[in-house]
Amino acid sequence: MPMTVAGRFRCAGSLSASSVGQDTDKMTMTHKQQILAAARGGKLDKLPFGARIDVWYNYHSAHGTLPDKYQGWSQTDILRDQGAGAQARFFAVTREEYRDMEVVETNDPPYITTEYHTPFGNVAKKELFDSSEGPWIRYEMEKLFKSEKDYPVLKYVMEHTEPADNFEAFNKLREEVGEDGMVMTAAGGLWSPVQRVMREIIGYEQFFYELADRPARVEELIEAVKDLERRKLQVGIECDLEIFNICANWSDDIQTPVFRRYFVPWFQEVSEFLHSYGRLVMAHTDGEMRRLNPLFRETGIDIAEAITPAPQTLVSMREFREQLGDEVTIWGGIPSILFEPMYNDDDFDNYIKNMFREMAPGYRFIVGMGDNLPFDGDINRVGRVVELIDKYGRLPIEV
Amino acid sequence: MADFSLIAQALDQGDRDKTVALTEAALGSGANPQEIIAQGLQAGMAAVGEKFSSGEYFLPDMLMAARAMKAALEVLAPALEQTGIPTIGKVVIGTVEGDMHDIGKNVVATFLSGNGFEVFDLGLNVPAQKFIDEVKEKKADILGMSALLTTTMPVMGRVIKGLEEAGLRSSVKVVVGGAPVTQDYANYIGADGYAHDGGRAVPVCRELIGK
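From first to last, the protein sequence lines stand for chains A and B.
For the first sequence, counting from 1, position 81 maps to 81 in this note's numbering; every step adds exactly one.
Just add 1000 to the spot in the second sequence (first one is 1) and you have this note's numbering.
With the rest of the complex left out, here is chain A (with noise of 0.2 Å):
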């Protein structure tokens, strides 16, 4: 069943505080402040940044190698003091409740066991689930979907799942960030519904299979996904949160024709209920953009987030801009890898700066990682950004 969308426009309390733009004291401007004018299309006067460590922080923490001056700091801190946004995440202000099944989890670290028993029979996953290397690493050693058969089941398990509130500890985190930076969140999980039933409950290779060979049974759990993320939609605007992340982890190997005729009307959905609330909504888009990008301007959504560019896909900044057109708002830029000992500090401070003028005039676009400062990365580069946005990063840029 569709969404409704609001009958008029709703901006939840604190959303108004930064949901700044125009009219703002440019100087006085949070870095939350100067990333959300950006979004919607405020003329700032010079380039935000919003930076994402955790790779790099978690990596270190758990290996007790943070630099010694950042020991026992914080992410938020650290980015503090490189001077920095932070672009904090949080994976969903909703959390699933299940109804008339039982569910068993089996905690055996790193792995974790779910097995769903239901009236139509029983379905089971593994999962690997760490941060100590740096990711966060979630893989699914053992989809849901088995075979054919495991279709009702799966259809069962999406109907008699409910979301439930997960403000608590979105808050939390977000009154950590505070005004130095954005919590970035979901309504629902990491996925959209097909993206969900791609990558986690059959996988990848044998989705693509299992669409060749039984569009209907696919089509199916994909609309029961996509109604369990509509309700969890309604339970997430309650939270005034300012963006909504959509989907995660666009590449080119979403096969066009499929994002097309599965994901492109999702998202139109989705954008337009969000829209009707005053939310942003976001996607995001790491991988290799090349064949997306003249989809995503048909999506509705308005912030392209962790773009990562050439060297490390196809794509260059000047080109994304030109494909993604002026109303779509281009978070990232700088590639993991250009943090690397290989790039020196020549290179980077170069890249950075071609990348300005490949932006220029510089509206819409968020400088910021795409999507990670790597574990071996140099931390004072993000410091690095911040010195040359001062110096070369003023708006508009002027090539």
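List time: in silico DSS-like cross-link candidates among lysine-lysine, alpha-carbon distance up to 27 Å:
#, chain 1, residue 1, chain 2, residue 2
1, B, Lys-1070, A, Lys-149
2, B, Lys-1138, B, Lys-1211
3, B, Lys-1018, A, Lys-146
4, A, Lys-46, A, Lys-391
5, A, Lys-143, B, Lys-1070
6, A, Lys-126, B, Lys-1130
7, A, Lys-146, B, Lys-1070
8, B, Lys-1018, B, Lys-1051
9, A, Lys-126, A, Lys-143
10, B, Lys-1090, B, Lys-1138
Hint data in this document are derived by calculation from the structure and do not stem from the laboratory.
Fit chain B to the known structure of chain A by using the hints.
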């Protein structure tokens, strides 16, 4: 006489049933199974790889073609029992330790296999020593390593150093790939080749071993 181009065409379209039916028909008409592979299946896979690299095809197109090829090879297997499937080189391949991503690696393995390489797929999360041991044991011509994370990317460099220490470096060509990996990075760690995608992996590997 069997028209091998029809097999190549069916495979190019990812049509498993048609590829199998045409392969069965060709075999039934007395065609040489090695010719069916070379002029039908491998020709079809080469076309798919080129179309993928040029941007015409997508990863799922490669997967469907690979599935069709696998099914056709099963049809040919009894006829190839004596001679085996002809190979042009041995490849040990895997995703490095700490990395659980294998879609790209699987596609590369499938394409190499479909283009005449004998592939030993070690899977994902492969320890450095395992790569070295397998290169030695299989007498591999090529070692292919994949990493999707900047965190795991340096492991590829450690494996190359391990090959040097084991005295194996000169006997094997190392090809690397994966989302964060670039040609610059491949040069930096001392790899011999870099493939941006599955379609390019085949010509890169062929060139490295002069086939």
